[in-house]
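Just so you know, the protein sequences line up as chains A and B, in that order. The numbering of the first sequence is this note's numbering, which starts it at -10 and goes up by one. The numbering of the second sequence is this note's numbering, which starts it at 1007 and goes up by one.
Careful: at least some of the hints might be erroneous.
[Unchecked claim] Pairs of lysine-lysine, DSS-like flavour, derived with a Cα cap of 27 Å:
| hint | chain 1 | residue 1 | chain 2 | residue 2 |
| --- | --- | --- | --- | --- |
| 1 | B | Lys1123 | B | Lys1184 |
| 2 | B | Lys1061 | B | Lys1042 |
| 3 | B | Lys1237 | B | Lys1116 |
| 4 | A | Lys127 | B | Lys1123 |
| 5 | B | Lys1123 | B | Lys1111 |
| 6 | A | Lys102 | A | Lys114 |
| 7 | B | Lys1123 | B | Lys1060 |
| 8 | B | Lys1237 | A | Lys114 |
| 9 | B | Lys1042 | B | Lys1111 |
| 10 | A | Lys102 | A | Lys152 |
| 11 | B | Lys1111 | B | Lys1060 |
| 12 | B | Lys1245 | A | Lys114 |
| 13 | A | Lys114 | B | Lys1184 |
| 14 | B | Lys1245 | A | Lys127 |
| 15 | A | Lys152 | A | Lys114 |
| 16 | B | Lys1123 | B | Lys1029 |
| 17 | B | Lys1184 | A | Lys127 |
| 18 | B | Lys1116 | B | Lys1184 |
In short, the hints are calculated from the structure, not lab data.
Chain by chain, the residues run as shown.
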Amino acid sequence: MTTEQNSTNAAVSRAEDHNLSRECALKLVTGFLTDVSVITDGPPIVQSGSMDWTTWQLLDSLFPTGGFAHSYGLETAYQGGLVSDCASLERFAVNSLQNSAGLSLPFVFAGNKFPNTECWLELNKILHAMLTNHVARKASLTQGSALLRTASTVFTEFPELKKMRACSYAPTATTPHHAPLFGVLCGLLGVDAVTAQRSYLFMGLRDILSAATRLNITGPLEAAKLQHQIAGVTETLLTRYANRPLQDSYSTFPLVDTFQGAHDQLFSRMFCS
Amino acid sequence: MDVDIGSVSLMDLLLKNQIEGPKLNGSLRVERVYGKSSTTRSYATYPLQFMIPKKALPSHVDAVLVYALTFGGGIVSGDCIFFELNVGADSTMMLLTQGFTNVYKSVEGKMSRHILKCSVESGGLLALLPDSVVCFATARYSQVQRFNLAPDASLVLVDWLTSGRIARGEVWNFEYFKSTNHVYIQEDTPLLLDSVCLDDHLSPSVSERMGDYHVIAMIFIYGPRLAELRKLVQSNVEKLAGGILNNRRRTSSSRADQVQTPKQNPSAPAFLASCSTVGPLGDGLVIRAAATTTRSMYGFLREQLATLEPILGRFPYADN
Chain A
-10 MTTEQNSTNA AVSRAEDHNL SRECALKLVT GFLTDVSVIT DGPPIVQSGS
40 MDWTTWQLLD SLFPTGGFAH SYGLETAYQG GLVSDCASLE RFAVNSLQNS
90 AGLSLPFVFA GNKFPNTECW LELNKILHAM LTNHVARKAS LTQGSALLRT
140 ASTVFTEFPE LKKMRACSYA PTATTPHHAP LFGVLCGLLG VDAVTAQRSY
190 LFMGLRDILS AATRLNITGP LEAAKLQHQI AGVTETLLTR YANRPLQDSY
240 STFPLVDTFQ GAHDQLFSRM FCS
Chain B
1007 MDVDIGSVSL MDLLLKNQIE GPKLNGSLRV ERVYGKSSTT RSYATYPLQF
1057 MIPKKALPSH VDAVLVYALT FGGGIVSGDC IFFELNVGAD STMMLLTQGF
1107 TNVYKSVEGK MSRHILKCSV ESGGLLALLP DSVVCFATAR YSQVQRFNLA
1157 PDASLVLVDW LTSGRIARGE VWNFEYFKST NHVYIQEDTP LLLDSVCLDD
1207 HLSPSVSERM GDYHVIAMIF IYGPRLAELR KLVQSNVEKL AGGILNNRRR
1257 TSSSRADQVQ TPKQNPSAPA FLASCSTVGP LGDGLVIRAA ATTTRSMYGF
1307 LREQLATLEP ILGRFPYADN
């Protein structure tokens, strides 16, 4: 038996696993089947997929919001000795995500539920007073500004974004913070509240682990493994911290504020925060 | 989705249910009378007591010294201590405690609560310099402190917590701790909305989060009468943090050279502090510190707040 026949047989048996007839499977893998409808079930592609594209784009590293310039306090924690290996990195990442869930998710949630300029301005003002650590505050402001610039350019179908952009130019300029703006953007795009909050935590984890590989605390493979492991923990955090009102917004990891607040004092540093 | 929140400001939602309901245990007002800060109202009911020692301060110092005491040296499960402090124009009040505020074991899951509402009028100064809160094993504690300041009022606030009765092996063993400090300028402009919650029911647990640290502290400094102190503390803390982090950095980079040797155990610094300015004009300063011993935190507070002596008539935390 030739190699070609071998691989065709394998492909046919794989296709058979999908409950296709052997004849149909043979046609499919040899390229003779043009009617794809026999192997698709569930809703039509067009309806189910468009929202995924939007969500994925928001989370894509191609979407220029500058998240990778920030380490969420990891750089100071690493140089300070709080994080030194993979185990302490995992602890730090989980603690930081919990902190971010406790503090920021109520803002993502509120923004998602009330995606208009008036609420956004109010949320922005409150979060500004809640971010008492200037390094985290600056990180939130630079990412928020980049997100507003990108979003108002990309999602031109929403005039609200233009209106918000104008607010950031006005004489009493409002510099946008990341969490409420992300919530508002998801609200406008029709991304549901839980997905918006899950996405926010996903970005946090992604940015911490990306920083960890660039700080050489861990390698890219190990980081990907950690990302997979922590995803389960994050889902538990989400069940506890999602959909909460603003008055329940608090930080849970005071050490990260203590360390991150000293970021500017590092003699040499790679990240903005 | 169609909930109308236009009529209710989000700020109201933020503080809703946090300061309402409980009975007022005490109220204290200090005003300037004949050119000197004097107590013009002092009222307290069980279990709260104000002690205002006369002649405790040198005669040239214009300030009122108040000790806030509770029977039993702390707050028992289910109790709520709620009091108000009011500092009139151009007067000065210093509030101290006579020891740690103990939060006793929670009975039937009841919470111990502490609520404080403060207002400081134009030119006034409030110094809130308590000893730390100590939460016993299984304790549940919630603290809300709200400050309304005139734009040119001044405030120094210390809020700190230790891991528990360490000698009894109670290290981060309490069930729940939440501390909220809200500072507003003229009642509606938020300057600082700080809220920390350590809930042991959630994973990762509090002791996992705190690692080897036993004490955490937050210090807030604001206002024209403390402008010099603020600048001094900021420069001190930045120097201190830089020294701690960068000296470590050199040793760790020399360790990184020996790639073959296994990494040492994570050893974070025994003490670290950092600071951030807040407010549109950067005229507030938040300092956060973490320490492995109560003694080193007392040392830090003593050192940083020593320049309050000419204003308050004594060196803060000098006896500890």
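*Identify every previously stated hint that the structure contradicts and give their numbers, smallest first.*
3, 4, 9, 11, 12
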